[in-house]
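**Student:** Given next are the chains, with one letter for each unit.
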Amino acid sequence: MTNNASKLERDRRDFIKVLGATSAAVAGATTLPGKALASATIRKPRYGMLIDTRKCVGCHACSVSCRSENNVPMRKHRSWVEYIEKGTFPDVSLNFLPRLCNQCSEPPCVAACEDNATYLRDDGIVVIDPDICTGCRRCVRACPYNARFMNPESGAADKCDFCIDRLTQGMEPACVASCFNKARIFGDLNDPDSDISRMIASNTVSVLRPEKGTKPNVFYIGIDNADESDNPSPGQYIRVTRHRRGYRKR
Amino acid sequence: MKPDPGKLETPAGLSRRGFLTLCAGAGAGAALPWRSFQAASREPQVPAHSWSRGEVIPSTCNMCVNRCGIKCHVVDGVLEKIDGDSRNPKTAGGTCAKGQAGVMALYDPDRITHPLIRVGERGAGKWRRASWEEAFEYTADKIDRIIEKYGPEGLLFSSCTDLTEVFFIKFGKYLGTPNFARHATLCLASRNVGYFATMGSVPDVDLANAKYILMFGANRMEAFELPHNRDLITGLQNGARLVVIDPRMTVTASKGKWLPIRPRTDMALTLALMHVLIEEDLYDKAFVANLTTGFEELKAHVAGYTPEWAEQETEIPARTIIKMAREMAAAAPAVVIYPGRRSSWYTNDAQFRRTLPMLMALLGAFDTGGASFFNAGKVKLGGFDWELEPVEVAPRFDGFDEERFPLAHHEDGGYINLRDTILNDTGNYPVKGWMLYKQNPLAAVADSAKTLRMMQTMDFICAIDVQPSQTAWMADIILPETLYLERLDPVWTPAGTTRYIGIRQPVVKPQGEAKTLLEILQGLGAALDQRREFETPFAEVFNFTMEDYLDAQLKKLPIDRATLMKDGIWVAPGPGLKLGEYRNGNKDFKTPSGKIEFVSERFRRNGYDPLPVYEPVTGEPGKQRLVTGRYAYFTHASNQNNIWLNAIHPENEVWINPDLAKEKDIEDDEYVIVRSRVGEVRIRAYVTPRIRKDTVFITHGFGTNSAGQTTLYGKGGADQALMEDHADTISNNQALHETFVEIVKL
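One line per chain: the protein sequences are C and G, in this order.
In this text, residue positions in the first sequence follow this note's numbering: the first is 1, and each later residue adds one.
In this text, residue positions in the second sequence follow this note's numbering: the first is 251, and each later residue adds one.
Derived from the structure by calculation, the hints contain no laboratory data.
Where a beta carbon is used, it is the ideal one built from N, C-alpha and C, also for glycine.
One or more hints might be untrue.
[What the hints assert, rightly or not] Here are the computed lysine-lysine pairs in the BS3-like style, where the Cα-Cα straight-line distance is at most 27 Å:
#, chain 1, residue 1, chain 2, residue 2
1, G, K630, G, K376
2, G, K376, C, K86
3, C, K182, G, K505
4, G, K912, C, K86
5, G, K805, C, K182
6, G, K845, G, K873
7, G, K507, C, K86
8, G, K630, G, K828
9, C, K86, G, K995
10, C, K76, G, K965
11, G, K505, C, K86
12, C, K215, C, K44
13, C, K86, G, K943
[What the hints assert, rightly or not] A partial selection of chain G residues facing chain C, derived with a Cβ cut-off under 10 Å:
#, residue
14, L486
15, W508
16, V758
17, K759
18, G762
[Claimed, not checked] Coverage of chain G stretches by chain C, computed from C-beta distances (three or more under 8 Å per stretch; other residues unrestricted):
#, region
19, 334-347
20, 350-362
21, 935-946
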């Protein structure tokens, strides 16, 4: 990610163009931008994602698509899928929890950054400027979701940014585009008519660790976010397979 | 888009990626260990993406056999990202992890990008780099010598289903051998035999609109078959009830009701379900009267197969079986009895598969929405005129014919049968040369030690492959084929509810010196022409380009090659699927009676039980039955070595029920030995309640013998090393779930 800084700068400019202008920017895109981005042209958007875990089969299209799109270094993960197995034979459940940065409205990582290298954009995406980032790791430690990592190539903190580069081209984030069961909906939470807003309005949704007060903008339907530590009683089996090779739980 | 030979010396992306330092120091002719051919970096750096630049080229994926529509983002000759093509009727824009990892498959440092000739013992991993000219001469010499000594029938041709396979088979046929082995008996041969006998073909299924879906083992959420996996999710969203019969809780089973059946007793369940439907008068009388034969015989046949009896066999409670039958009848005809795909389970599989369309017919769950149906057919492609003089061939060497396997598909061969024939030397004549294209029998066929012994009887083995697969590693020469992202293939059209044509076309230049299969066969043919005279010289047989072939395919269609290459897909106009043609009597089934046959005339004529008879199951005390299957991010044994995919699941495990683990004092994640009569592997234990105590599961594709697969080598255990060589008696489909193993604590 050597050209991250210039990329980010370019993204900012391009994004303003997309927001400020015109259906032309959208119409010229290679992939249909979806309702969310179209509506972005008329109002200030706040981007969010809704993941319907009932449709998720844990196939990892999202995590590999993310690795390919964002050149995520091996053993680091912007996007990953947790498998949660519970129960006793034959009454067993298996659930999937696709994970990514929650793009919080009250991001502890931003509060922890003393250099303003990480900040919350107007559109709700939390980004990192690797040129400013000193690699102090405070943000990595501050994130209650373990969504951040140190990128060994740039030396800066890194994480999911909803594929800003693709958004500027009128495309959906890579994980959303690759999901063949359409378990992920990306869009503008400020637009009451967007698919994501309507889905949130008509379903019971939840966020991860709401007690942290971070106000995540990644929502889930049908979630099972159990952790081994949630169930200390012996006899009840819970296994969480994180699929984050190289990752150590703190 | 023929590769420009002048540019092959400097493959696209060489300088930017910096890991294609393949031949540094590898002087031609020097014997080098595998590692010397390998990249400097194990984790290639792909440049940052720039969607604003470059071009997007539509094509067709080849990471498995589904052929999803893809769009490839290429910048300065380098493939940066693959996205799904939302216009594709089967995939609607989605991809899977494997499809995404196509980028890594293309730039995989373990790829073979120039011909390699073995210099050490077979399997020792000592190779030397050869020019194509030398590779063609070498291979033609060996083939020529085999023809000289044994005739052309001394050659065995193995290949797997793909768009270019037709050229490979044509080459073998024209050489004069009748001996082919294809993937069917490693996969679905028994299902096909069972369905063909019962209803003339294998139906498609309308999972999106079904109200009740019954799946035996089929694992569509991990072993993808598009659009079924998408449709299944849609069906569940629409409120369908899904019941999955499997000794192991797959991802598919987790999305519905999991019934952990005692393995190999599936037929007891289907017979008992039929018993209840008939006994309780729940079957579709009009459908049975109009579209089936042999109902009275079936009624008498299943009278004794009560739910209480089935409970003893299957360990599924009788009340559950009765409830299932009633629920299915209530949901009928919107019921899918899923045919399954890989049916290489048990030695009675063809007979078991027959019971599925029988159950379907009792429910009247055919030729209507939410049920099974026959597809709208494919787009009619033009034929290519081969202008060949006919070649006389000998009968097959292995007796895989009318007499011994009357209902099998003889041209596909039967792997278990042919390997035994070679090892026992019971063939009509010797087979001493093995040509392999895109097939990996050392990984794919049960009892790999036996396959190795078979390979040692060969005078010559030639593997055409993109990577050093388990089988290629044991070959005498490896000819590197282009990856799907580097070549133009014949166009293809799937059977489906929408008729369309897709194209696979080069999106980047070939890596190194890789050639397309057609180019390889042209080169090899030219070298053979110099050695002997053929009825039609190979130079004439293969005197065409892939573009010519495509033009012939598209001749009668209102689309030309250039437009198809630009658009990537062409959807045929006009009505697609029309349901009801069988129900209203306009169409007949392709069976002797023209109806769905409860009593199979074909089976009766050929001496098989015309009604499926249940065989009681015997276990082996103190041992577990071994079953295998897939994870969603691997295809067969083909991409466990892909760096991106291997990172998800670096090593396979043996699934062990917690009670068994307790008895054996085995901890989760510790290494154990799994031992069968034919082999043993060392493998991690995965202690999970997702499997029965009498069954263990090992996913396929690990424990490779190929040190050339540098990411995978040394990881996990090979299921095929443990499996005994059982086969379905009617189709010769291998039976992978007939082996009992012992779990030994280390």
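**Student:** Of all the hints numbered above, which does this structure not satisfy? Sort the numbers upward.
**Tutor:** 1, 2, 5, 6, 16, 17 and 18
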